[in-house]
Amino acid sequence: MIHARGVAKHFLTRGARVEALRPVDLDVARGAFVSIIGPSGCGKSTLLRIIAGLETASEGTLTIESAADQRAGFVFQDAVLLPWLSAEENVRFPLDAAGVPRDEGDATARRLLALVGLQGFEKALPRALSGGMRQRVSIARALSYDPPLLLMDEPFGALDLLTRDRLNDELLTIWTATKKTIIFVTHSVEEAAYLSDRVVVMSPRPGSIKKIYDSPLARPRGERTKLDPAFHQLMADLRRDLA
Amino acid sequence: MTSRAIWRRPLETIAAVGAFCLAWDLYVRWTDAPSYLLPPPADVGAALIQSAASGELAHHLLYTLQNLILGYGAGALLGVAAGVALAKSPRLDRALGGPILFLQTAPKIALAPLFVIWFGLGLASKIALIISLVFFPVLVGTMVGLRSLDSRFADLARLLRLGVWRRLWLIELRAGLPDIFVGLRIGAVQAVVGAILGEWMSGRQGLGYLMTFASATYKTPLLFGAVVLTALLGIAVYQLVETAERRLLSWRDAP
Numbered sequence: 003m004i005h006a007r008g009v010a011k012h013f014l015t016r017g018a019r020v021e022a023l024r025p026v027d028l029d030v031a032r033g034a035f036v037s038i039i040g041p042s043g044c045g046k047s048t049l050l051r052i053i054a055g056l057e058t059a060s061e062g063t064l065t066i067e068s069a070a071d072q073r074a075g076f077v078f079q080d081a082v083l084l085p086w087l088s089a090e091e092n093v094r095f096p097l098d099a100a101g102v103p104r105d106e107g108d109a110t111a112r113r114l115l116a117l118v119g120l121q122g123f124e125k126a127l128p129r130a131l132s133g134g135m136r137q138r139v140s141i142a143r144a145l146s147y148d149p150p151l152l153l154m155d156e157p158f159g160a161l162d163l164l165t166r167d168r169l170n171d172e173l174l175t176i177w178t179a180t181k182k183t184i185i186f187v188t189h190s191v192e193e194a195a196y197l198s199d200r201v202v203v204m205s206p207r208p209g210s211i212k213k214i215y216d217s218p219l220a221r222p223r224g225e226r227t228k229l230d231p232a233f234h235q236l237m238a239d240l241r242r243d244l245a
Numbered sequence: 117m118t119s120r121a122i123w124r125r126p127l128e129t130i131a132a133v134g135a136f137c138l139a140w141d142l143y144v145r146w147t148d149a150p151s152y153l154l155p156p157p158a159d160v161g162a163a164l165i166q167s168a169a170s171g172e173l174a175h176h177l178l179y180t181l182q183n184l185i186l187g188y189g190a191g192a193l194l195g196v197a198a199g200v201a202l203a204k205s206p207r208l209d210r211a212l213g214g215p216i217l218f219l220q221t222a223p224k225i226a227l228a229p230l231f232v233i234w235f236g237l238g239l240a241s242k243i244a245l246i247i248s249l250v251f252f253p254v255l256v257g258t259m260v261g262l263r264s265l266d267s268r269f270a271d272l273a274r275l276l277r278l279g280v281w282r283r284l285w286l287i288e289l290r291a292g293l294p295d296i297f298v299g300l301r302i303g304a305v306q307a308v309v310g311a312i313l314g315e316w317m318s319g320r321q322g323l324g325y326l327m328t329f330a331s332a333t334y335k336t337p338l339l340f341g342a343v344v345l346t347a348l349l350g351i352a353v354y355q356l357v358e359t360a361e362r363r364l365l366s367w368r369d370a371p
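Going down the list, the protein sequences come from chains P and E.
Once you know that position 134 of the first sequence is 136 in the numbering used here, the rest is easy, because the numbers rise by one and skip nothing.
Once you know that position 179 of the second sequence is 295 in the numbering used here, the rest is easy, because the numbers rise by one and skip nothing.
Hints in this document: simulated from the structure, not taken from any laboratory.
There may be inaccurate statements among the hints.
[Claimed, not checked] With a cut-off of at most 20 Å between alpha-carbon atoms, the simulated SDA-like pairs for lysine to any residue come out as follows:
hint, chain 1, residue 1, chain 2, residue 2
1, P, LYS125, E, LEU345
2, P, LYS125, E, VAL260
3, P, LYS125, E, ARG290
4, P, LYS125, E, ASP369
5, P, LYS213, P, LEU174
[Said to hold, decoys possible] Negatives, chain P to chain E, calculated, CB over 12 Å:
hint, residue
6, ASP98
7, PRO150
8, ARG207
9, PRO231
10, MET237
[As the list claims (entries may be wrong)] Quick list of simulated restraints, FRET-style, between CB atoms:
hint, chain 1, residue 1, chain 2, residue 2, range
11, P, HIS5, E, SER267, 25 to 35 Å
12, P, ALA130, E, ILE122, 35 to 45 Å
13, E, ARG268, P, ASP27, 46 to 56 Å
14, E, ASP209, P, ASP29, 14 to 24 Å
Just so it is clear, CB atoms sit at the ideal spot from N, CA and C, and this is done for glycine as well.
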C-alpha cells in the first residue's frame, strides 16, 4: 500500500540546516495496522504528515497505491472539529465540500455516528461534547469519504486512560469492519503493542527509524491479549528501545 | 430567564430615561432657561409630533435610513472583499498596506468636503462618505480574522483538497466571523456619523439637514428632537448588527 524509500525532511532556519527526519524506508501492507512510536521530536508526526500530503519530503520517494483522487483520512490529536457545525455536519463536511448530494451525506453521517457510538448526539455542537466524543466525531469525519488509508496522529493522547482504552477497542472494531489501512502515531507503548500488526520505533535528533517489530499477538485483540506474556514481552522490548 | 427578568431591563431603561427627562424639565423650570437655549422635554416632544404629523419627519428619517443601508451595505461588502484580497495576497498587502494604513488613520471627516467636490451635492457624496467610514474597520477586521486562522483548519482544508473559494467560504470566513463582526460593529457606529455629517454639509434632506435647518432658524426644540432621533437611529443600527452577530455566532456561547 505504502512504500517509502529514503524519505527525509530537513528545513533551513537562519541558514542552518535542521534535520527533522533522516532518510527512512517503510512499507505498509494493505489492510495493516501499523503504529509509529517514539519520544517527541523523533519525526513521527513529520513522517505521518508527509504521507498525508500535508508536508513534502525533502528527499526520497513515497508511493501510495490508491486511486489518484483518493484522499487519506486524517485524525488530529485534538479532533479539530469546526465549532460552528453540529456533530453530524462535521462528519458530513468533507462530503458537503465535495458537492455530494444532501441525503447521501445525511445517511453516511448517521451511519458513521452510530458506528462510533454517538447516536443521539447528531445535533450537538462540538463544545457540548467531551474530548472523547469529539475525537469519535473526528474519526467518523475521517471515514466519511471512505479513504483506503487512515492516518492518526496521537488521536487519543489527550484523553484519560479509561476513555483511551475504550476508544482503542472501538478503533479495532472499526478497523475490522471497514478494512482500512491504519497508520497510528502514538507515544504510548501499551497502545502501540495492543493495537498493531507492526510497530515502528523511532529515535530522536535526528529523527530516524530504530527498529520495526512484527507483532506476535493473535487477533482479535481483547482482555485476553493484555494477559498474554507475549504482549508484555513486546512492551518490554519497546520500552528498552525507547529508553 | 424568568418572565420578571425579561421585563426588568426595559423597565429600568424607561425609568432611567423618565428620571432624566424629569431632571431636565425641573432644571428648565428653576433656571427659567429660554427655549432657544434649552427647551423643556415637552416642547421637544411637541416639535417632533408636529413634524411627524406634517409627514416631514418620516421623509427625512427615511432618507437618512436609505443612505445608511446603501452606504453600510456597500462599505461592508467592499471591506470584506478587500480584506480577503489583502489577507490572501502578501504582494498586494505589501503594495497597498502602507497607503491603506495612511488612509485609515487619516480622519475621514476631514475628507468630507473633498467628497462633495468629487461626487457633487447629491446622494453619491453622502454614500461615498459612509462607505469610506465603514470600509476600513471591516477591512481590518476581515484581515485579522483570516490571518488568525487556526493552522489545523488550514491542514484540514489541504487534506480535503478544498479549492481556494470553497476553503474561503466554508472555513476561513466562518472562522474569521468574530473578528469581522468587530469591524462591522465599529462600522455601524461610524456609518451613522457619516450619514448625518453628509447631510449636514449639503442637500435638503435627511436628519442631518433637519438639524442644520432647525438650528439656522432657531427651532431649538426641533433640533433637540432631531438629535434624539439620530441617537435612537444609531442605537437601532448597532442593535441590529449585534442581533445578527448573536445569531450567526451562536455556536460560541450556546452549549
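Verification of the supplied hints:
Our distance criterion of 20 Å between C-alpha atoms is broken by P/LYS125 and E/LEU345, whose separation comes to about 43 Å. As the CA atoms of P/LYS125 and E/VAL260 are separated by approximately 30 Å, the hinted pair breaks the 20 Å bound. Note on P/LYS125 and E/ARG290: the hinted pairing holds, with a Cα-Cα distance of about 19 Å set against a maximum of 20 Å. For a cut-off of 20 Å, the pair hint linking P/LYS125 to E/ASP369 stands: about 16 Å separates their Cα positions.
Taking the CA atoms of P/LYS213 and P/LEU174, the gap is about 24 Å. The hint is violated against a cut of 20 Å. Chain E draws P/ASP98 into its interface by the beta-carbon criterion, the shortest separation being 8 Å against a cut-off of 12 Å. Under the 12 Å C-beta cut-off, the non-interface status given to P/PRO150 relative to chain E holds; the minimum distance is some 14 Å. With a least CB separation of 24 Å from chain E, P/ARG207 remains clear of the 12 Å interface cut-off, as annotated.
Look at P/PRO231: its CB is around 40 Å from the nearest CB on chain E, clear of 12 Å, so calling it non-interface holds up. Non-interface call for P/MET237 relative to chain E: holds, since the shortest CB-CB distance, roughly 31 Å, exceeds 12 Å. For P/HIS5 and E/SER267, the hinted distance range of 25 to 35 Å is satisfied, since their beta carbons lie about 29 Å from each other. Under the hint 35 to 45 Å, the C-beta atoms of P/ALA130 and E/ILE122, about 25 Å apart, miss the expected range.
For E/ARG268 paired with P/ASP27, a C-beta distance near 29 Å fails the hint of 46 to 56 Å. Taking 14 to 24 Å as the suggested C-beta distance range, the pair E/ASP209 and P/ASP29 does not conform, at roughly 45 Å.
In the structure shown, a violation is registered for the earlier hints numbered 1, 2, 5, 6, 12, 13 and 14, in ascending order.
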